[in-house]
Amino acid sequence: MRMAMAVAVMTFREAVRDRILYLLLAFALVMIATARFLALLTVGSEARIVADTGMAAIAFFGVLTAIFVGVSLITKEIEQRTAYTVLARPMTRGTFVLGKYLGLLMTLWVNAAVMSLGFVLLLALRGDPILPVLPALWLTAMELAVVTALALFFSALATSSILGILFTLGLYVAGHLVWSFPLLASRLGPGWGTRVVMAVYYVLPNLDRFNVRAAVIHGDAIPLEFIALQTAYGMGWAILLILAASLAFSRRDLT
Amino acid sequence: MIRSSDEPVLTARGLCKTFRGHLSVGRTQVLRGLDLTVYPGEIYGFIGANGAGKTTTIKILAGLIHPNAGEFRLLGYDGADPRSRRGLGFLPEHPNFPGYLSGREFLDFQARLVGLDRGRRRRDVGRLLDEVGMAGRADTPLRKCSKGMLQRLGIAQALLGDPVLLILDEPMSGLDPAGRRDLRDLILAQPARGTTVFFSSHILSDAEVLCDRVGILREGRLALEGSLDTILGPGAAAWDVTATRASGLNAGSGTTAISRQDDRVLFRVEGEAALADLLDRLRAAGAGLHSVTPRRLTLEERFLDLEEQGTRARHEERAP
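Listed in order, the protein sequences are those of chains A and B. Number 57 in our numbering belongs to position 57 of the first sequence; there are no gaps in the numbering. Number 1109 in our numbering belongs to position 109 of the second sequence; there are no gaps in the numbering.
These aren't lab readings, by the way, just hints derived from the structure by calculation. Note that this is a predicted model, so its numbers are computed, not measured. C-beta atoms are modelled at their ideal positions from N, C-alpha and C, and glycine is treated no differently. One should not assume that every hint holds.
[Claimed, not checked] One-sided and incomplete, this derived list gives chain B residues near chain A with beta-carbon spacing under 8 Å:
no.: 1; residue: Cys-1016
no.: 2; residue: Tyr-1039
no.: 3; residue: Phe-1090
no.: 4; residue: Pro-1098
no.: 5; residue: Gln-1157
[As the list claims (entries may be wrong)] Anything over 12 Å on all C-beta distances counts as not near chain B; from chain A, calculated:
no.: 6; residue: Val-7
no.: 7; residue: Thr-53
no.: 8; residue: Ala-124
no.: 9; residue: Thr-159
no.: 10; residue: Ile-162
no.: 11; residue: Pro-182
no.: 12; residue: Gly-191
no.: 13; residue: Leu-204
no.: 14; residue: Ile-222
no.: 15; residue: Gln-230
no.: 16; residue: Tyr-233
no.: 17; residue: Met-235
no.: 18; residue: Leu-243
Sequences and hints are given; from them, build the entire structure.
Put into structure tokens, the structure is as follows:
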């Protein structure tokens, strides 16, 4: 664990020194801050628009960073040969993958925390309620944990970042559409098609379960049990994906 | 002192590695049953032409590549066990390190991986930066460092935590003459610190100066292994003798005058009897003796000889 933490701290440090991260963060903060201008375009639902734009911006920029940074995390270390001296230390490949994961997740969470702070500040200034948006922000953090693990899995598996990005983006979109698969299966009727659709339904992570933004905006209370269940669901998927990434990376030759 | 009765720090038996091409099309067999044994306290030179499999072997030993067949042990552990790399210092070929770090930060990170505490990290990092001549550039971001500077830093990270075994892949690569001299001294000082050195090189003069034993890799196997004395012969069998005022001298059998300049003549002498005979003749003729240099087969000559033999054998196989 000591080695995983050392790798994590170094990954965090690398990300913090990357200027692109600041650019994305600044862009997201500007978007959150200008949400009220968007609200001017509609009548009577300004608070909803501000809340919706703010929460969506945090999730969108978080996922964007998770995918683009996550996918290159291991690929880049191999291409640039920077992993060689690290992996020749007495550590397993799994330790390295875990360290990389924790480092990136730490970065993304700090990033999301800064964005959330800006968002909450805006809500406070407007006098809008803050408490209802917190579950949505927490579940976004959980979704980031899953998407980062997904990106890292493809980074450990794929030899090119482009392929990794395509696969991760594909699974991210599919993960948000998973809810519609049973509907599709019922339309298909009994047969092979239904079995395949349902098999995919059970295999993919249901990422839409982390999106409670619509419910928050409609003023629905998010039960604590649901939040706990979703947190466990996210953690479970992240652990599963990290194990798979470790296994894939363990078999890989660094040529 | 090297004793072959000591338990080896490194053994490899029948290592094989085949790389598959893109989409598994095409195969390149790099290692074909390599055996290696390195004993504590020795400096072992791993020599071979480009593409002979030196880097593949070293990457297998460092845990970066998995062999298809065979096994190896490092420092008493099976090579597949990460514990085998405790006490290992490793320098990869053409090392590259994160450009956003400075040399000091990078070494500190590596020292954490080695498990050194804060006090020792600070002390050892400073000492090693000094030892490899990087103290003045310790805080420069690595993306601004030259290849030679990265090489020096690579050597420093390999030395962190006083390793028992150093595995260095082409350590002289990218270094300027002063850097090479420093590294030679550093390698020569290791056995006294209790560190065994295994390094690959295609610069044979380096290996000749540094090694207790060398292994010559050819087509994925050790073609020749032993001490320099075993490989090159124990002593000189020929001498170069330079004499002055000897232009009229009649050389005896086993002696050839190979160049003449004014009254200075360079003789090549084969065998001790011929040498004694030439020296007598020079004395009798009143010639001046300028120098007597023993001529020993160089590692390069031996290596090229081996390569030629291999090529010839291959041709004969093809055309029976």
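Hints versus structure:
1. Cys-1016: For Cys-1016 of chain B, the interface hint is violated, since the closest Cβ of chain A sits about 14 Å away, which is over 8 Å.
2. Tyr-1039: Not OK, violated: Tyr-1039 of chain B not within 8 Å of chain A, min 22 Å.
3. Phe-1090: holds (4 Å)
4. Pro-1098: holds (5 Å)
5. Gln-1157: Holds, about 6 Å.
6. Val-7: Non-interface label fails for Val-7 of chain A: nearest chain B Cβ at 8 Å, not farther than 12 Å.
7. Thr-53: holds (33 Å)
8. Ala-124: About 36 Å separates Ala-124 of chain A from the closest Cβ of chain B, which puts it past 12 Å; holds.
9. Thr-159: Violated, because the least Cβ-Cβ distance between Thr-159 of chain A and chain B comes to about 9 Å, which does not exceed 12 Å.
10. Ile-162: Check passes; 16 Å lies beyond 12 Å.
11. Pro-182: holds (37 Å)
12. Gly-191: holds (34 Å)
13. Leu-204: Since the minimum Cβ distance to chain B is about 27 Å, Leu-204 of chain A lies beyond 12 Å and the statement holds.
14. Ile-222: holds (40 Å)
15. Gln-230: holds (35 Å)
16. Tyr-233: holds (32 Å)
17. Met-235: holds (26 Å)
18. Leu-243: holds (17 Å)
Hint compliance for this structure: hints 1, 2, 6, 9 are broken, all remaining hints hold.
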